[in-house]
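Input sequences plus hints: build the corresponding full structure.
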Amino acid sequence: MAIDLHRYANPARFLRIMGAIFPWVAISTAVLLIAGLYLGLFVSPEDYQQGDTVRIMFIHVPAAWMALSIYTMMAISSAVGLIWKHPVADLSAKAAAPIGACFTFLALVTGALWGQPMWGTYWVWDARLTSVLILFFLYLGYMAIWESFDDPSKAAKAAAILVLVGVINIPIIKFSVDWWNTLHQPASVATMDGPKIHSSILIPLLVMAAAYMSLFMSLFIVRVKSEILARRLRLLQMNKLQE
Amino acid sequence: MSAFYALLKRDLRLAYRQGSAVTLTLAFFIIAVTLFPLGVGPELAVLARIGPGVLWVGALLSCLLTLDRLYQADYEDGTLEQLMKGPLPLELMVLAKVAAHWISSVLPLILIAPVLAITFNIVADGIWVLVLSLLIGSPVLSLIGSIGAALTVAMRRGGVLLSLMILPLYIPVLIFGVAAVEAAISLLAISPHLMLLGGLTLGALVLCPFASAAALRLAVE
Amino acid sequence: MTLIVENLGCVRQERIIFSDVNFTVKAGQALWVKGRNGTGKSSLLRIIAQLLKPASGQISWQQKDVLDEPVEFLKRFEYIGHLDALKTSMTPRENLSFWAKYRGPNNIEAAIEAFKIEEIADFPVRSLSAGQKKRSNLARLIACPSKIWILDEPISSLDVHFIDLFTDLLRAHLEDGGLALYATHQDLEIDDVQLLNLDEYTGAGS
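Protein chains in written order, with the working numbering: chain U, -3 to 239; chain L, 555 to 775; chain V, 782 to 987.
There are no misleading hints in this set.
Simulated pairs of lysine-lysine, BS3-like, Cα-Cα distance not exceeding 30 Å: (1) LYS815(V) - LYS928(V); (2) LYS815(V) - LYS639(L); (3) LYS845(V) - LYS928(V); (4) LYS639(L) - LYS856(V); (5) LYS81(U) - LYS856(V); (6) LYS639(L) - LYS834(V); (7) LYS639(L) - LYS81(U); (8) LYS834(V) - LYS236(U).
None of these hints come from the bench; they were simulated from the model.
Right, here's the structure in full:
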């Protein structure tokens, strides 16, 4: 047969590597998450102004980091998919999107909850919150376009174009929103930066970031695997149809 | 270049013959903008404050109304695949169609905007800068929109998806456009804002045709 | 003046439509693509017309790889698809003159005469019948003359009289040293024609 369809549905090496990594990232997710939450919620000192509410930061800040990193990762793997036509690249961007959207949503919700004690209101049109909100919309658009095509290989290319356009725009959007925010400075907003970060805060923050990272990896592996299996199923159905 | 003009002229002629699309977009723009005084109350100070933003958002949404048909009509009657054969490179074909869209659907909005700005009690300086900012910034709307239009060209109900994909990308042009008008009203320098808008337009002019062309190739396959 | 296609394969929606299709068409020759519905007649012609990427194989024109360097080849053919590619609010004459301006060579009057659309040339396309639209679209073949005609169901919705007219035009094109690839259900009675029956190339067998 001149055309090898299984290339798309049977990335054996990829599956083997992922299968080997999975138990380790799953375990490290559990360990790091417990350690990070313990350090963040019980060990780290409370803020002299914000009290215990500052602890939301340990959930919020790494989630915001993840939101942007995952979008960047999607853009890179989409570019790989477009340029080298690597089948797993498209799938990994697709698999990462809902996880990234969840982290973005988590960052938004915790940001709002943190805003209530700090600013006296759940939502402030703060430059960062606004940027994260826009990022959330970009994730939604990306996920919507995957759903709108019948042919997965077309959907992959369309979604790749969209995510690449988005990633070029993100710095511009970020810049414009920052700029807009300085033009319309709200009356009194406490900055989130606070004083220089002390190691008692930094360490739990980094542990939480690592925990999120391995959580992402484990969810990602599960999702990519199921995507590959779904493709294989599709292919089997197609073959059945053709006989 | 004659192919470019031929296509531009054809699209303008089609837009003129199907005049209803242009009139409807204009009507939508006027009605949408009119709703704001009814929503927030007739107080002139408030209207003057929100006016630039309302007009820019109105123009942006009205532009979106016609974008989903940018390539769709040509896709449905098989003209698009003939256009793709050439001789015009696809990127230039996109530019010709975007230019026709801007002239036929966005320019009328800009022309009517000063009248609406008067009803919003915006001062004369602000009105001129509003028109100027729309002239400089609105090509971005057509250009970025063309990517969304190309991605959704084969979809029966692509309009909603188009809005979801494209509106977040419109944010920078909205911010700088409105900022220019507000600067003019508060007698501040307007040139940085307009220059940023111009930068966005030039950037979009370079990048969008490529993304749009890639999406069209995908659609015709 | 030779079009060579080797080992061409086509995959749609992750399904193999056909594979290992080979043929050579020289100046003055025609290729008749036949097959049941779904065997990929349109896909094959669209691949040659550069509208679709093949899953495998080579296409060469004048010893040059078309898939690598399509620009030269794109100027050499005219493609007639299922859809009429006419703007309904314009007249056939306006439609043809647009394509002539867009593509370059300008042969509108000859085209209108050849396809006998003089009487309808100045009415908006939306008021024409299916057969009249088809002829107005086919007129593009004469209005923008080209070496290779790629024709997907060119005679559908034409009556017997116009099928004969079209066949004569096709013969004249081939006698002038042109090439043609066409997919029809009906035999057009062309002398120097090869038959490509896509029923024999379905992917499931391999």
